[in-house]
Every structure is written in structure tokens, then in C-alpha cells.
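Student: Listed here are the chains, written in short residue letters.
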Amino acid sequence: MTTRREFLQIAAAAAAIMPGGWSRSFAQQRLAQDDLLAFEPLGNVTLVHVTDIHGQLRPVFFREPSANLGVGESRAKPPHVTGKAFLDLYRIAPGSPAAYALTPEDFPALAKAYGRMGGLDRIATVVKAIRAERGDRVVLLDGGDTWQNSYTSLVSKGQDMVEAMKLLKPDAMVGHWEFTLGAERVKEIVEKLGFPFLGQNVRDNEWNEPAFEPMAMLERGSVRIAVIGQAFPYTPIANPRWMMPNWSFGIREEEVQANVDKARKDGAGLVVLLSHNGFDVDRKLASRLRGIDVILTAHTHDALPEAVRVGKTLLVASGSHGKFVSRLDLDVRDGEVRDYRYKLIPIFSDAIVSDAEMAAKINEIREPHGAMLAEEVGRTETLLYRRGNFNGTLDGVICDALLSERDAEIALSPGFRWGNSLLPGQAITREDVYNATAMTYPAAYRMTMTGARLKEILEDVADNLFNPDPYYQQGGDMVRVGGLAYTIEVGKPMGSRISQLRVLRTGQPLEAEKEYVVSGWASVNENTEGPPIWDVVFAHLAKEKVVAPREAEHVRVVGA
Amino acid sequence: MRRSLELSRRRALTLGAGALAATMIGGAPAHAKNDSDELIKKFAGGKEPVKGKVKLDLPEIAENGNTVPMNVSVESPMTEQSHVTDLMIVADANPRGGVVTFRFSPLSGVAEANTRIRLAETQNVIALAKMNDGSVFMDTKLVKVTIGGCGG
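For the record, the sequence lines run as chains L and W. Counting from 22, one number per residue, gives the positions in the first sequence under my numbering. Counting from 26, one number per residue, gives the positions in the second sequence under my numbering.
FYI, nobody ran anything at the bench for these hints, they're computed from the structure. Predicted model, so just to flag it, every value in this text is computed and none were measured. Positions of the beta carbon are idealized from the N, C-alpha and C atoms, including for glycine. Hints may contain errors.
Listed next, the stretches of chain W that the computed footprint assigns to chain L, with coverage defined by at least 3 CB atoms under 8 Å from CB atoms of chain L [as the list claims (entries may be wrong)]:
1) 88–98
2) 159–173
Think about it this way: if two alpha-carbon atoms lie no more than 30 Å apart in a straight line, the pair counts; the simulated DSSO-like pairs of lysine-lysine are [claimed, not checked]:
3) L:K283 x L:K213
4) L:K513 x W:K72
5) L:K149 x L:K98
6) L:K476 x W:K166
7) W:K66 x L:K283
8) L:K187 x L:K213
9) W:K67 x L:K286
10) L:K187 x L:K149
11) L:K333 x W:K166
Could you put together the complete structure from these sequences and hints?
Tutor: What follows is the structure, encoded as C-alpha cells:
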């Protein structure tokens with residue numbers, strides 16, 4: 022009996038019963054906690070992985086991407102399979118809970134049927150259930166992007182997430198957005214964390230000395246387990262370097278191998294890479310290194326219902342925003358993984374009960390801000406989402422806000438992968454705006470840029486996304502644009518992917534020498550001036566009251 | 026850093042500093058073809074550089090183009106009979122191609138050097154090692170110097 026079969030059985034049952042006018046309560050009857058958690062245990066080690074929660078204590082709607090293009094070796098391989106093709110590949114019934122959780126297909130209707138996903142209190146229930154069943158065989162690992170990108174995580178400088186996660190008792194974690202709290206704050210938290218904050222690839226840039234512990238050695242089910250930690254390699258490039266001026270990152274492939282070799286020499290029977298590299302980087306890494314049994318991937322927010330095997334290494338992709346908990350049971354004998362069983366457990370918040378202890382902590386954290394966060398600041402008539410390689414409708418609203426509130430011709434909004442989705446007809450609360458914008462360098466700048474500079478920025482980001490060698494991909498989706506149309510040819514070489522740039526306000530081609538007024542946010546440059554982006558969005562929504570962005574038609578993608 | 030390298034490294038760093046100073050005052054337009062091809066031709070002395078033996082360690086994407094950590098080593102017994110004499114680093118899109126040249130002798134013990142270089146933009150860095158028999162080996166690495174941001 023495989024885990025996927027169980028998942029699909031639930032899916033099929035639900036789909037069979039609800040072809041048309043299905044109600045939400047009807048859907049829930051098909052989704053029971055016991056079914057979601059059902060797992061035939063295997064072997065002597067259970068790895069539990071959560072990642073990219075992005076400060077989300079409570080359940081959210083989060084639509085998976087429709088555009089997630091792979092290039093080079095990753096072309097058309099998971100996770101670069103989306104929508105209908107994803108359903109076909111994993112034989113998931115359309116309209117099923119799995120289809121809702123894993124693809125953007127029919128998202129608004131399925132979201133109404135199956136409800137929000139995630140919530141740290143539901144995750145706590147799942148983690149406790151696995152521990153109750155598996156005892157001291159369990160290792161819980163947090164892949165990072167945990168301490169930032171919600172209102173409470175921003176104002177508490179990550180303290181809310183640190184305290185909530187502490188209740189889950191993780192065995193180790195790694196970081197990326199954590200570093201945007203600034204080096205001093207990270208050090209302050211790490212000192213009192215109570216479990217290792219790993220980062221084999223973070224070095225003091227003066228002496229090249231390790232800034233964090235490279236690995237943790239654990240003992241479970243009489244197996245010595247080495248957990249090697251890998252921070253997001255391009256943190257000081259993708260995020261402001263001035264916030265961590267004395268730390269240098271990078272992939273440091275040879276050092277990963279050296280740590281694996283050291284772990285094996287020290288008697289590790291199982292070597293796990295807790296990674297924030299992103300899936301494609303990890304796939305390449307797995308193909309080049311020896312001795313890694315499992316890579317717990319993160320950063321690119323991919324949710325895959327099966328582990329991906331590269332040579333002898335298993336890659337697990339556990340999604341984001343608390344939507345999933347990964348459970349990987351391993352039979353480890355004589356320093357080898359003999360067998361495994363994997364389940365990507367979907368956290369349907371209406372089906373999985375809330376853990377009282379965690380719920381109390383979440384209430385304590387949110388209570389002082391609850392009324393403010395719940396305040397409605399607008400309404401959307403269409404689906405708002407961010408995730409996807411190109412413009413999302415949520416970013417459409419942000420770009421419109423920048424254009425109107427900052428009186429700009431062109432708007433730029435970063436291609437972050439975090440931020441919850443909103444359904445057609447849903448009220449937009451202050452919290453929704455913060456969930457899409459809360460970060461430590463939010464200034465909405467207004468400046469002039471030449472057409473040539475704008476093209477250079479688009480080319481630069483395009484290569485960071487579509488360079489055929491994943492080691493040259495810096496992360497993030499394509500920068501979102503407002504007021505500007507362009508064509509992107511994904512398969513072209515660096516510096517030649519972007520063409521047919523046109524200013525929407527005038528309909529004229531973008532001129533290389535001409536200066537344009539540009540507004541954007543999340544600049545990595547120190548001392549960027551401007552109001553925080555959330556205030557810009559609040560002001561825009563106060564005037565507009567109702568938004569109805571359509572799918573972006575101003576970005577034309579060729580060679581996808 | 027290995028002690029046996031101290032002498033050559035000190036010299037190398039001096040040379041490196043000179044090269045860096047030169048790049049800073051150079052003002053050639055972006056993407057201008059610089060003199061790297063001529064430098065390579067001159068260094069190789071008529072030999073065709075062969076890929077191998079040289080290992081150039083640079084980040085795929087520079088955190089700061091103004092100071093990119095570089096480690097370069099050459100596989101060689103470093104004996105009187107067989108050793109590296111010169112190790113030249115060029116960058117093909119800096120205002121000037123020359124970055125640094127390290128000189129070695131059997132007394133160096135190992136042919137390895139470690140310094141920081143400046144890269145004006147995304148480009149290839151090429152390391153060429155000349156052996157005492159005149160043969161030339163090379164390694165090359167593309168280093169991206171990006172605007173940054175947008176990582177999520």
C-alpha cells in the first residue's frame with residue numbers, strides 16, 4: 022500500500038461524490054484527519070519536514086503556480102510540471118482535494134469546497150501524531166523562510182515564529198529570509214534558539230571561518246543521522262547584503278561533499294541535506310555529490326506528492342505556507358537506505374483538528390493586533406495570487422498602487438514566491454496586504470531610469486530565473502512590471518531574452534536613452550527612500566475600494 | 026594559506042593590486058572587447074592552452090563584483106623536473122583583461138594562490154598555467170555580476 026494510493030483514494034471518493042453543485046461541508050465529510058495522516062510505517066527513521074512557512078501562523082489560501090518553467094536539464098521535469106499536466110503525471114483526479122492542494126486548476130471553486138490550508142496549530146497536531154506513533158525515530162527539520170513575511174513576524178522581528186516553532190521542538194533549521202532581520206538579530210535569536218541553526222555555506226567574509234554550525238549529528242532508532250544545513254546560497258544578492266555585511270554565502274559544493282565525507286567518517290548511517298538551495302540546484306547537487314541519502318528541498322516552494330530520485334539521493338519537496346508536512350520513513354541498515362515510504366501530508370485546516378497548546382500561543386501572539394489585521398481595506402472581484410514565473414494578479418494590484426500613488430509611468434514589483442491568494446468576491450484585509458508585503462526593506466522608491474536600464478534589469482532577473490545552469494539561478498520569479506509590456510524568449514541566451522518593450526501609457530516603444538519615472542519596492546540598496554509598500558497599497562485600495570485585475574496580457578512568453 | 030606560498034603570494038598580491046588599480050581607472054565602455062585575447066596569446070607563446078590541470082574556484086554569482094574571492098590551483102609535483110612557472114588570470118569583459126599573474130618555482134611547494142579580484146560585469150575569468158616545459162593549461166569560469174534583488 023503506497024501513500025499516494027491513499028491520497029488518490031480520498032481524491033477519487035471526493036471527486037465521485039461531488040461532480041457539480043458540491044457544498045463545502047459535503048467536501049469535508051470526505052476529508053478526515055485519520056485518512057490524511059494514514060501511513061503504514063516503515064523502517065527505523067522518520068524524517069518530518071516543514072519549510073517556507075513565511076510567517077503564516079494561520080491557514081491560508083495559496084494557489085500553486087500555473088507557470089513554473091524549467092530550463093536546461095530541468096525542462097518539463099517535476100517541479101516544472103503544472104496544472105493539467107501535473108494531474109496527469111501523478112494521476113490525480115480533477116476536482117479532488119489533491120488537485121486543489123497541488124495545482125491551480127479550478128482554484129476558486131475548489132478553494133470554496135475544501136477551505137484554507139495550513140496553520141501552525143494543525144501542523145502541531147500532525148507532528149504530535151507522528152511522534153506518538155514513531156517515538157524516538159522522528160527527526161523534525163525546518164527548511165527555513167520561517168521567521169518573516171507576516172505582520173506579526175515583522176513587528177516582533179521574528180519572535181512570534183521563534184516562540185511558536187519552539188513548541189514543535191525541531192531538531193534543526195536553516196535560513197534565508199531569516200537573514201533579512203539583520204545579522205545581529207539572527208545571532209541573538211540563534212543563541213537562545215535551543216536547537217541548531219545550521220549553515221555550512223555561510224562564512225565570515227574576512228577570515229572565511231564558519232558563521233554557523235555546518236551539521237548536527239542525531240541518533241534515532243539506533244541510526245546516527247547527520248543533518249547538514251545549507252542556507253539560501255544567494256541571500257546577499259537576492260536580499261540586501263548590507264543587512265549581513267560580514268557573511269558570505271554561495272553553494273560551496275566541495276564543502277558540502279567534505280561535510281558528507283566527514284559525517285560518514287564519524288559514523289553517520291544516514292546523511293540528510295537540509296537545504297534552502299531551491300529544487301533545481303539540489304537536483305544538480307545530488308547528481309554531482311556522493312553520499313547524500315536525502316535532500317529536503319526548499320526555497321522554490323514546490324510541492325511534489327512523490328520523492329524524486331537522483332542517483333542514490335531522494336529529493337523531497339514540501340511546499341510552502343504551511344500547506345504540507347512531509348513524512349519520509351526510511352529503513353536504514355548498515356549505512357544504507359534499503360527502503361522508503363513518503364507522504365506529502367496536506368494540511369486541510371477544516372479536516373485536521375487544532376492543537377490546543379499551539380492555538381493558545383497563536384492567539385497570544387495575534388491578540389494585540391487581531392482587530393487591526395481583520396479590518397477590511399477593499400474587495401477583489403477576481404482571484405488574487407502571486408505565485409508563478411510572470412505577473413500574478415496580486416502583483417497587478419501592487420503595481421497599479423505604485424503607478425497611481427507614486428505617480429509613475431512604470432512600476433516594478435519583486436518576484437517573491439510568498440503571499441497568500443484571495444478568492445473572487447473576498448474582502449481584502451490589512452493582514453492580506455501585509456502577507457504580500459511584510460518585510461524589512463519595504464520602501465516604495467520613485468526614481469528615473471533609462472529605457473536601457475529597465476531592459477538591463479529585466480534581462481538580469483530573467484537570467485537569474487532561466488539560466489540553463491541552476492547554479493547560476495539566483496532565485497525568485499520574474500520581476501513584475503506595471504505600465505510596461507514586453508516579450509520574453511525563455512530559451513535565448515543571457516542578455517537577449519527581452520524584446521518588444523512598450524510603454525503602456527503611451528503605446529510607444531521603450532526608448533533606450535529616454536528617462537522614465539519608475540516606482541518599485543524591495544530595493545536591495547541601502548538608504549532607499551519612500552513610504553512602506555503596504556501604506557501605498559492601503560492608500561490605493563482606500564480610493565479604489567474594489568479591484569478586479571485580469572490575467573496579465575502585457576507579458577508575452579515565447580518558447581515556454 | 027600554506028607557508029611555502031608566502032613569498033609568491035605576497036608578490037602576487039602586489040601584482041594583483043596593480044592590476045586592480047588599473048581596472049579602477051580604466052573607463053572602457055561596457056562589453057568592449059578588451060585585450061584578454063592578446064594577453065592569452067602572448068602568455069601561451071605559440072602553444073595552444075589545454076583545458077585541465079588548472080582549477081579556478083570562483084562563485085557562480087558574485088556577492089560583490091568589487092571584491093570576488095578567487096582560489097586557483099594547478100596540479101603539479103612542483104619539482105625541478107616538473108613545475109608551474111607562471112599562472113595568469115584574465116577577465117574577458119573588464120576594462121582591461123589582465124587581473125594578476127602569479128609566479129612559482131619548485132620552492133613554492135604547491136601551485137596555489139588565493140586573492141580577491143574585481144569584476145566590472147558578468148564575464149568569463151580565465152586562468153592559464155605555464156609549465157617549465159612550456160606547455161600551457163587552462164580553466165575558465167563564468168561569474169555573474171548581477172543587479173540583485175527580487176529573490177524570494
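Student: Hints first: check each against the structure and report whether it holds.
Tutor: How the hints compare with the structure:
no.	hint	verdict
1	88–98	holds (count 3)
2	159–173	holds (count 5)
3	L:K283 x L:K213	holds, 27 Å
4	L:K513 x W:K72	violated, 34 Å
5	L:K149 x L:K98	violated, 34 Å
6	L:K476 x W:K166	holds, 25 Å
7	W:K66 x L:K283	violated, 43 Å
8	L:K187 x L:K213	holds, 11 Å
9	W:K67 x L:K286	violated, 47 Å
10	L:K187 x L:K149	holds, 13 Å
11	L:K333 x W:K166	holds, 29 Å
When each numbered hint is compared with the structure, violations occur for hints 4, 5, 7, 9.
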